[in-house]
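Quick note: this note's numbering has the sequence shown finishing at residue 457, numbered continuously throughout.
A few of these clues could be false.
What the hints assert, rightly or not - Here are the computed distance ranges between Cβ atoms for each label pair:
1. Gln342 / Gly451: 31 to 41 Å
2. Thr315 / Asn349: 20 to 30 Å
3. Leu418 / Lys343: 23 to 33 Å
4. Lys445 / Glu326: 42 to 52 Å
5. Thr328 / Ala384: 37 to 47 Å
6. Lys438 / Gln394: 18 to 28 Å
7. Glu326 / Lys427: 27 to 37 Å
8. Arg405 / Glu322: 38 to 48 Å
9. Glu330 / Lys438: 43 to 53 Å
10. Arg337 / Lys425: 43 to 53 Å
Rather than coming from a laboratory, the hints here were simulated on the basis of the structure.
Don't be surprised by glycine CBs; every beta carbon is placed ideally from N, CA and C.
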Amino acid sequence: MSFRKITVKSGDEESTLEVTEEEYLKYYRPWWQQKKHEQRNREAMEQNDYTEESYEEWKENDMRTELFAESIEELAENRMLLGVLQDAMDSLLPEERELAMKVFGEEMPLADYADMKGKNPRTLSDHKRKALSKMRKFFSEHGVEIDSR
309 MSFRKITVKS GDEESTLEVT EEEYLKYYRP WWQQKKHEQR NREAMEQNDY TEESYEEWKE
369 NDMRTELFAE SIEELAENRM LLGVLQDAMD SLLPEERELA MKVFGEEMPL ADYADMKGKN
429 PRTLSDHKRK ALSKMRKFFS EHGVEIDSR
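Build out the structure end to end from the sequences listed, making use of the hints.
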């Protein structure tokens with residue numbers, strides 16, 4: 309198991325933590341990416357003569373707009389699609405469901421999942437294709453159009 313040292317700064321305080329690669333990819337990397345995104349937004353706004361206070365106000369308004377942008381119809385459609393997705397996941401065998409959750413849901417590379425399970429990546433690639441095929445069939449039977457890329 310590989311470990312990674314990360315440094316977290318908050319004001320004048322700085323902490324160094326040792327985390328597993330899995331913890332890093334699942335928690336710290338997305339957090340770091342969000343912080344970098346916010347920093348870039350703040351810097352871009354400051355270049356256009358906005359202040360820190362106006363950035364915070366803009367961010368809050370932007371988040372509020374995102375929360376209320378979806379109409380009731382869109383929310384109902386998304387809820388229905390999530391229900392169909394849950395039913396599709398329930399239709400898979402437990403091994404297929406775990407594979408789908410890790411590889412598609414958590415975006416874990418198939419090779420890493422194969423190492424974690426101690427299985428051949430080619431075999432798991434076939435299992436992944438089979439699970440995808442089952443889910444596509446389930447979606448088409450329930451009238452849900454999917455992008456087949």
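Here is how each hint holds up against the structure:
Evaluation of the 31 to 41 Å hint for Gln342 and Gly451 yields a pass: the beta carbon distance comes to about 36 Å. Taking the beta carbon of each, Thr315 and Asn349 are about 22 Å apart, inside 20 to 30 Å as hinted. Between Leu418 and Lys343 the Cβ separation comes to about 29 Å, which falls inside the hinted range of 23 to 33 Å. Judged by the Cβ atoms, the range 42 to 52 Å given for Lys445 and Glu326 holds: they are separated by roughly 45 Å.
Under the hint 37 to 47 Å, the C-beta atoms of Thr328 and Ala384, about 40 Å apart, fit the expected range. Taking 18 to 28 Å as the suggested C-beta distance range, the pair Lys438 and Gln394 conforms, at roughly 20 Å. Judged by the Cβ atoms, the range 27 to 37 Å given for Glu326 and Lys427 holds: they are separated by roughly 28 Å. In this structure the supplied range 38 to 48 Å holds for Arg405 paired with Glu322, their Cβ-Cβ distance being about 41 Å.
Remark: the range hint 43 to 53 Å for Glu330 to Lys438 is contradicted by a beta-carbon distance near 25 Å. Between Arg337 and Lys425 the C-beta distance comes to about 22 Å, which lies outside the given range of 43 to 53 Å.
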